[in-house]
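The lines below spell out each chain.
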Amino acid sequence: MSGKARILIVEDTPSQAELLRALLAGEGHDLRIKDSAGGAFELVRTWDPDVILLDLELPDYSGFELMRQLRAASINTAVIVITANASVNTAVEAMREGAVDFLMKPFNRARLTVTLGNCLEKRALAAELQSIKGQLGRDRFFGFIGASAAMQAVYRTIESVATSKASVFVTGESGTGKELAAEAVHRASPRRTKPFIALNCGAIPRELLESEIFGHVKGAFTGATDNRVGAAKSADGGTLFLDEIGEMPLDMQVKLLRFVQTGTFTAVGGSRAEKVDIRFVCATNRDPMLEVQEGRFREDLFYRLYVVPIELPALRERGDDVVLIARQFLADFAKEEGRRFQRFAPDVEWLMLSYRWPGNVRQLQNVIRNIVVLHDAEVVEVSMLPPALRAGASPEQLRQAAEAAVPVEPPPAAVASSALPSPEARVIPPVMGHDDPAPAAPARETALPSVGAPMPIPPPPPTAPLPAEPVRAADRAAPAEIEIIPLAEMEKRLILAALDRTANDVPQAAALLRINPSTIYRKLQGWRGTTSTRQA
Amino acid sequence: MSDIDPAVLEQLAADVTAEDLRAVISASEADLLRTTGVLLAAAQAGDTATILRTAHIIAGVASIVGARSLEQDVRALMVSDATAAALTVPDATRIAARARAVIRAVHDLMTARGYDA
Numbered sequence: 000m001s002g003k004a005r006i007l008i009v010e011d012t013p014s015q016a017e018l019l020r021a022l023l024a025g026e027g028h029d030l031r032i033k034d035s036a037g038g039a040f041e042l043v044r045t046w047d048p049d050v051i052l053l054d055l056e057l058p059d060y061s062g063f064e065l066m067r068q069l070r071a072a073s074i075n076t077a078v079i080v081i082t083a084n085a086s087v088n089t090a091v092e093a094m095r096e097g098a099v100d101f102l103m104k105p106f107n108r109a110r111l112t113v114t115l116g117n118c119l120e121k122r123a124l125a126a127e128l129q130s131i132k133g134q135l136g137r138d139r140f141f142g143f144i145g146a147s148a149a150m151q152a153v154y155r156t157i158e159s160v161a162t163s164k165a166s167v168f169v170t171g172e173s174g175t176g177k178e179l180a181a182e183a184v185h186r187a188s189p190r191r192t193k194p195f196i197a198l199n200c201g202a203i204p205r206e207l208l209e210s211e212i213f214g215h216v217k218g219a220f221t222g223a224t225d226n227r228v229g230a231a232k233s234a235d236g237g238t239l240f241l242d243e244i245g246e247m248p249l250d251m252q253v254k255l256l257r258f259v260q261t262g263t264f265t266a267v268g269g270s271r272a273e274k275v276d277i278r279f280v281c282a283t284n285r286d287p288m289l290e291v292q293e294g295r296f297r298e299d300l301f302y303r304l305y306v307v308p309i310e311l312p313a314l315r316e317r318g319d320d321v322v323l324i325a326r327q328f329l330a331d332f333a334k335e336e337g338r339r340f341q342r343f344a345p346d347v348e349w350l351m352l353s354y355r356w357p358g359n360v361r362q363l364q365n366v367i368r369n370i371v372v373l374h375d376a377e378v379v380e381v382s383m384l385p386p387a388l389r390a391g392a393s394p395e396q397l398r399q400a401a402e403a404a405v406p407v408e409p410p411p412a413a414v415a416s417s418a419l420p421s422p423e424a425r426v427i428p429p430v431m432g433h434d435d436p437a438p439a440a441p442a443r444e445t446a447l448p449s450v451g452a453p454m455p456i457p458p459p460p461p462t463a464p465l466p467a468e469p470v471r472a473a474d475r476a477a478p479a480e481i482e483i484i485p486l487a488e489m490e491k492r493l494i495l496a497a498l499d500r501t502a503n504d505v506p507q508a509a510a511l512l513r514i515n516p517s518t519i520y521r522k523l524q525g526w527r528g529t530t531s532t533r534q535a
Numbered sequence: 000m001s002d003i004d005p006a007v008l009e010q011l012a013a014d015v016t017a018e019d020l021r022a023v024i025s026a027s028e029a030d031l032l033r034t035t036g037v038l039l040a041a042a043q044a045g046d047t048a049t050i051l052r053t054a055h056i057i058a059g060v061a062s063i064v065g066a067r068s069l070e071q072d073v074r075a076l077m078v079s080d081a082t083a084a085a086l087t088v089p090d091a092t093r094i095a096a097r098a099r100a101v102i103r104a105v106h107d108l109m110t111a112r113g114y115d116a
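Protein sequences, first through last, are from chains A and B.
Counting from 0, one number per residue, gives the positions in the first sequence under numbering that gives the first Met the number 0.
Counting from 0, one number per residue, gives the positions in the second sequence under numbering that gives the first Met the number 0.
Some hints could be false.
As the list claims (entries may be wrong) - Taking CB as the label site, the calculated pair distances span:
id	chain 1	residue 1	chain 2	residue 2	range
1	B	Q43	A	E127	51 to 59 Å
2	B	Q71	A	D29	35 to 43 Å
3	A	D29	B	Q43	41 to 49 Å
4	B	R103	A	A72	44 to 52 Å
What the hints assert, rightly or not - Chain B regions said to be covered by chain A (calculated; three or more residues, Cβ under 8 Å):
id	stretch
5	23-36
6	46-56
The set of hints was computed from the structure by calculation and includes no laboratory data.
Quick reminder that beta carbons are idealized off the backbone N, C-alpha and C, glycines included.
Please put together the full structure from these sequences, using the hints given.
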């Protein structure tokens, strides 16, 4: 039997109660006995037993009535019914009322302990499953908002690494939340009560960077009118986050390497070395390996810092998270600005899901804030969106999207499975028809565009792959070796090939194809309705 | 013929300590005496609900000590309201007498097996 449990015996016949107590003596459980249903209910509310051994015939009201009372009070203590009435009806009614098992008198110690042990084990497994489900289905994690599979993986990595002192290196496009990740690592760690010091190496003038990190003594250089404590000292015992570490000059990288290796530093102009206890988290939106290969980042420093990598997915790779995040921003900014906004129109959410978000969450935040500041209504309509988001859909598609509700639900917890996953049970936005004219090639993206400024024409809604580079003339030509088949068939082949490559992982396949996962689910559902159903 | 199935008492003796065995037997005897008295009073009053409920209790206690015949007698009352209502005072008196015989038989078995030492 499993470990110590709280067992409540509800039995008004003294010999039966004594028998149960005697049979369970020595099992190590905490036993209490009540001889009435009312008394048992009160004790359950205060003592919270793991299991109730319940006689059905009680002096005030029946054991069945007690079970209904417990259910009505949302008390989910496991109940094992014990009775001398061997009828099938009694057993059936007991199970219908929620009993987990049924014991008929007489029973011996072995029968009782096995039944009780099974019950306790089931409860332990259910609790563990609940805990795991809670972790897998998280749509919040410290400062992050997101329920996608990609973000669940990030959350798990952060939890795994938080308790160690290993250096963490966060990569990802601009606006994906690298500082949030660093904060999450800190707050999930035993260092959470100690300082979290963030430095943006790209924002600090190079001549001041050493002083910012290590501090300086009075008179160390022109303008050093007083002693200054640097980030290293301030973060002692805690976490030092070096953002945009790719911007750090090479000569400063040497000094940082020595600091990372020894944990000691000397303030600028100082003579005394100081030792601190620091956990390093670094971040860059550049490719760190490329920076090392091209000589802009020291290889020895890289390997000191790149111990646990965390790659933050781009917003376009996070499926429905864009709507989850947008809704939170809308609520926050509406409250801040005193606006009436409650929700987005369905076609607005569809457009947000379709858009590529080159600036990621930061861009989304700017868009929502722009909308809230410039408008006031209960519903965000398409007309309130910046031109780039509006440009992604035809009037007919907008009309269709408005007719089709797009409730966003968190994706299934176990997305990666060997079996082909069933499509999510939700309404899918209409797909761009194959008769529609081919979309224009997207213009090359340069700097991060700001809201309201002319933006590149966004790629079409999620049936066509989104090319990372502009379509070149050579690519538009159809080489002789490419088989020309109906576009719908080519689309199907590509999707199935992507699923093959990713072991039927729909979000990964969608990321490869640069489309929304909901598109794949919808296609699969449609194909299942025909004869060409894909089996795992 | 003994009304007690000795295997039940042997199993109980194996499952609990000697002290707990004596406590369970003692409580069972007290319950048998009490409930057969209640059954007799209910039969005299024609109280079907009490007959049914008390028969249920006696069946459970009888099963603790292996009193098969007594258990069968009271289970026959539990079949339906009609069978409970049909309990006569003489039948209830016989059930009470059988219960006292069970108590004596249990004591004899406890002594014979050395469980009451």
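Q: State the violated hints by number, sorted upward, taking the hints as numbered earlier in the document.
A: none
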